[in-house]
Every structure is written in C-alpha cells, then in structure tokens.
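There are 2 protein chains.
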Amino acid sequence: MMHKFTVLEKIAAAKQGNTIAIAAADDSSIINAVKKASDQQLASFLLYGDSDRLKELMKEADLSGDEVECINASSAEQAADMAIKAWKTGKATLLMKGIVSTDVLASKILKDKSLIKPDTILSQLAIFDIPSYHKLLFLTDAGINIAPSLEAKKKILKNAVSVYTKMLHAEPKVAVLAATEKVNPAMAATTDAALLSVMQRRGQIENCLVDGPLAVDVALSAQAATIKRIDSSVAGDSDILLVPEIESGNMLYKSFTYAAGAVSASLLVGTNTPVILTSRADDSNSKYYAICFALAAASFA
Amino acid sequence: MMHKFTVLEKIAAAKQGNTIAIAAADDSSIINAVKKASDQQLASFLLYGDSDRLKELMKEADLSGDEVECINASSAEQAADMAIKAWKTGKATLLMKGIVSTDVLASKILKDKSLIKPDTILSQLAIFDIPSYHKLLFLTDAGINIAPSLEAKKKILKNAVSVYTKMLHAEPKVAVLAATEKVNPAMAATTDAALLSVMQRRGQIENCLVDGPLAVDVALSAQAATIKRIDSSVAGDSDILLVPEIESGNMLYKSFTYAAGAVSASLLVGTNTPVILTSRADDSNSKYYAICFALAAASFA
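Those protein sequences? They're chains G and F, same order as listed.
First residue of the first sequence: 1, per the working numbering; consecutive thereafter.
First residue of the second sequence: 1, per the working numbering; consecutive thereafter.
Incorrect hints may appear among the rest.
Because identical chains cannot be distinguished in the list, a pair is counted as satisfied if it fits within a single copy or across any two copies.
[Claimed, not checked] In silico SDA-like pairs for lysine to any residue, Cα to Cα no more than 25 Å straight-line:
1. Lys182 / Ser279
2. Lys155 / Asp27
3. Lys155 / Ile227
4. Lys173 / Gly261
5. Lys228 / Ile99
6. Lys155 / Ala281
7. Lys166 / Thr19
8. Lys135 / Thr120
9. Lys111 / Arg202
10. Lys182 / Ile146
11. Lys135 / Gly261
12. Lys117 / Ser284
13. Lys36 / Ser107
14. Lys108 / Asp237
15. Lys113 / Gln78
16. Lys10 / His169
17. Lys85 / Lys182
18. Lys182 / Thr19
19. Lys155 / Asn72
20. Lys108 / Ser232
21. Lys85 / Gly17
22. Lys173 / Leu110
23. Lys228 / Ser28
If you're looking for bench data, these hints aren't it; they were derived computationally from the structure.
Here the structure is a predicted model, which is why all the values come from computation and not from measurement.
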C-alpha cells in the first residue's frame, strides 16, 4: 500500500512561496529535515540559532543555497523570540519549533494576541499514518490542554476541522472518544461527547460529521461497531479523534507510534498559521513530515 | 517469535482440579472457548443458561463429556446468580462472565463482601501479547474504576502485582502512566504516579519495582527513555502499566488491540479468585486465553 503521508507531500508541494522560521534550529535532525524539504523545493528557511553550529550542521548535511538563511542568536530563548518576530511581521509565513520546549514557545505565542485567531484557543493537532488503518488519522488534543471544558473541546474540535477542510477539501468524520458508547453522567467524557455530537447536528459546529461517545474500537473498526450494535456513520471510518483530556490523548499518541508502528507529525493550531511542532524523540523523517503537514494545512497558497 | 500467550497456556496446564462456573454461557464464542479449554483438559465447566440453547451450541461445537455440565437458568440474571452461588460455595473454583454485562456481574459480586479480599477494591486487569513488544504486558485498570483516588490506585496496583507474582514467580516492573515524566501539580496523574513510586521505595507497596510518572513511549521503549534522558529501571521494560483513569486505560487497551494487533485477555481482580471477563467483541480465542489467564493467576493449585 502507498505510504499515506505521500498525500501530505503532494499537497505541500503544490503550495508556493512559503518561508519557514525555525526557533532554535541548531540540531542535526532538524537540519536533516530542512535538507529534505529544501531538496524538494517545498519552502525557504530562516534558521535561528548559534550560527557557527548551524553552519557546521549544514555542512554535515550538505545543505546550502539561496533558500536557506542562518541568523545568529545568543540562546534558544532569543532564537525563539527572533523566529516569532519574523513570523509576526510576515518575513516568514510559518513558524517551526526547534530545540526550544513547546511550553516556552506556546507561552511566548500566547503573550501576543495578534498571533492567535479570534475566539479560539491553542491546541495540538497530530496526524498519523497507522499501518493497520485505511487512511490518515488526526488526533487532538494530546499535548496542550490538560483537562478542557466542553467549551474548550468545541474550540479544539473546530481548530482540527478547520485544518482538515483546508487541507483535504472534504468534511471530516469526527469521533469524540470516551471509554464507552453509553452516556454516563458519572463520566464527563461521555456527556461532553454526546453534547458535541448534538451541537454538530444543530449547526453549532460546521463542516464535519460528529459522533460520540465512541470508544476507540468502534471509532476505528466497523466490525467492532457491528458487534456492539452501534449505528454510526463515523464508526470504523473516523478522520479525527477528539480525546477528553491530555492523559488519554498522550497515551493514544504514544501507543500509535510505539506499539502500532505509526509515523506521526504534529502542529500547534489556533494560531494565524499552524506552528510546526517537533519533539526530541522524533527522527528527521518525522520532522520532515511535520513541515509537509504545516504547508498542506496552511490556508494561504 | 513464539506466541507470548503460550506461556499462559503452559502455566494454566499445570494447574489441576479447577471448575469454572460460567454466568450465562449460551453464546457460540463462549462455547467454542470452553471446547478448546476442555480439549486441553484445563478445567471442568458448569454452564449456566438456557439449557436447550446450551445443548444446541455444544452439539455445534462438538463439545461433550463428563467435564462439562449444563444447568438451566430462566434468564441471564438468574444464570449469574446461580454461577456466583456455585463459586461462593466452592462447587466451582473460578467464575467466568458469559453474556451478562460486566456491570451487572460486578454489582452482584460487590453485594457479598465474603467474595472480595479484605482491604481492597475490584479492578480490571488485562494482559496483552503485542507483536512489537518483547514480553507480555499487563494493563490496569481499564474497565472498572472511573477516576480512582491515590488510595484506590494503590489497591489497583497491589491487585495487579498479586496476580503477576502468583503467576510468574517474579517481581514486576510497574510503570505508572501520565502524559509526561515531569511532576506537575496541575496534573494529578503525575503527582499520584510520583507518590506511588516513593511508596514502593518506602516499602508501602511490596514485591515490585514502581516508577512514574512515565509516558507510554518511555514505558515501552528504552530508546525513547535515552533520548528523553529518563534514568529508570522500568523504562522500556515495563511488565505492568497503571493508568490514571478509565478513559486513558480504555483507549490504550483498544489501541493495542485494534491498531497494534495485540491479542488480549482480562480478569476482574480483588475477588478471592480472579473472575474471567470477556466482551462481546472478543473472539473465542481471546475468551480461551482469558480462561488460561485466570487459571495461571489462581493461587490455589
């Protein structure tokens, strides 16, 4: 079967004129990802960090050319400030996290309201190519909001739907996850899921089909839905999984990656343009896919 | 690689003289599991349910012999009451859930304190053979306790350790899961995990090695631990995963099964002898492994 991430690469390749500012790029797996994206002519890059170290890493990766510019910063913190400024002023169209923590980057972004879309919150949106699943699968929010309220879940869902529709020009099927398909007043995950599904039917959430509460087996397997007698257009064919809180999101994320052999990429969304997230444990391939994901998700083109 | 569940089968085969009472056995996948266990001479069975239907299913499965007895019950509810009575009075040594819901069975058990071990609570203990992991992996509690307190988590952990040590005659490595390895006062999963790990070091939890908070990647992958610079004897070699609440447990369980291709089996523990759990969506193989798991975990022999 064709690698599902090639869809992202193709959409990304069709977007022209992007410049990506990287906050603290002085890391070999980031430079290797930039090299791969640059070879594909996906974007231009502004690399903020220790310029001596950056040049050394670029030489090792055989990366050069007019499309890549190094800008010296005295610390990772300063590199983040400079990259955010380039993004804010339009010198760069996209921002990418380098070897600065997500917390630090997110709190810097949160300080400047002009960087965030009106009436939303920041959330993490991940995408997976799971060998055993038949299409790309989105997961949100596994990284930013610890225990979101119903109102926050609605905004997280809208952030994900916005990216999905811009990227794939189709309406996603959203499974709002819980431990059971039954509404149980003692489990907020189930009541919030039920409320979100009715909100969608009442037009309070647009451009998607929402069903919940659904457990992961029903969300991913039509057979499980049949056995459990769950009648749902989302069951077995989910595009987006919305988790109730960070613990289940994080565990599902890591289980897909470490137990199910998935390749993943993540964005920070809710910002004017998606921010490319990376984690230390990701290899350069995963970082390259994150670049493709952001380009594919960007609304300008 | 050898199927990891064969370890369970071997331990189960060494246990003699067990009788398993099945609460509402009138279901083909249960009868097929009984057939397989009976062919291996693992135990005798008392099948409670509609006796006409039971005999029909036994005929279809080519199941017969002195080791299998059918007892008529007028409803699944009555079958559960009769099976529990057989288990309580010692006519059966183990109880198995048939086509009665876990909630109904658990609430019937909870009504009779003599069925529960002193100073503990009921919890679910699952076991997985995940192709990408190097050994059997236990997960608790993905099915009974919705949002356990620290004290409840301690009892859930002790229930799991008790089964593990009886079964494998070794001390398990326990990863207490959270979304991060850092202690964050805003995330109870991380503080409870840290407290459980210190409790173990202070001798308040025995016969195991506990570390937490750990995210799933670090719990399952030594490489992830190295990259994240987490120094832990549990990292990458966990035997038991303890989850913070039912949502993350259920999602991890379903992800292992539906995305990572795992075979699973579950018990209800905290009772005098483990109760064999099954779910409608399980095939007869999974139900057979649940029988092996219970026999292997039973302390009498």
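Cross-check of the supplied hints:
1. Lys182 / Ser279: between (36 Å within a copy, 15 Å between copies)
2. Lys155 / Asp27: neither (33 Å within a copy, 44 Å between copies)
3. Lys155 / Ile227: Neither: 33 Å inside a chain and 33 Å across chains, both beyond 25 Å.
4. Lys173 / Gly261: both (23 Å within a copy, 23 Å between copies)
5. Lys228 / Ile99: between (45 Å within a copy, 12 Å between copies)
6. Lys155 / Ala281: Result: close neither inside a copy nor across copies, 29 Å intra and 33 Å inter.
7. Lys166 / Thr19: within (19 Å within a copy, 60 Å between copies)
8. Lys135 / Thr120: neither (28 Å within a copy, 44 Å between copies)
9. Lys111 / Arg202: Cα proximity of Lys111 and Arg202: none, with 34 Å in one copy and 43 Å across.
10. Lys182 / Ile146: both (24 Å within a copy, 14 Å between copies)
11. Lys135 / Gly261: Cα proximity of Lys135 and Gly261: in one copy and across copies (14 Å, 17 Å).
12. Lys117 / Ser284: Neither, since 30 Å and 52 Å both go past 25 Å.
13. Lys36 / Ser107: neither (30 Å within a copy, 58 Å between copies)
14. Lys108 / Asp237: neither (37 Å within a copy, 37 Å between copies)
15. Lys113 / Gln78: within (20 Å within a copy, 63 Å between copies)
16. Lys10 / His169: within (14 Å within a copy, 54 Å between copies)
17. Lys85 / Lys182: Intra 48 Å, inter 30 Å, cutoff 25 Å: neither.
18. Lys182 / Thr19: neither (47 Å within a copy, 34 Å between copies)
19. Lys155 / Asn72: Classified as neither: same-chain Cα gap 37 Å, cross-chain 54 Å, threshold 25 Å.
20. Lys108 / Ser232: For Lys108 and Ser232, the Cα distance exceeds 25 Å both inside one copy (41 Å) and across copies (32 Å).
21. Lys85 / Gly17: Within one copy only: 19 Å inside a chain, 74 Å across chains, cut-off 25 Å.
22. Lys173 / Leu110: neither (30 Å within a copy, 40 Å between copies)
23. Lys228 / Ser28: Only across copies: Lys228 and Ser28 sit 16 Å apart there, 48 Å inside one copy, limit 25 Å.
Of the numbered hints given earlier, the model fails hints 2, 3, 6, 8, 9, 12, 13, 14, 17, 18, 19, 20 and 22; all others are met.
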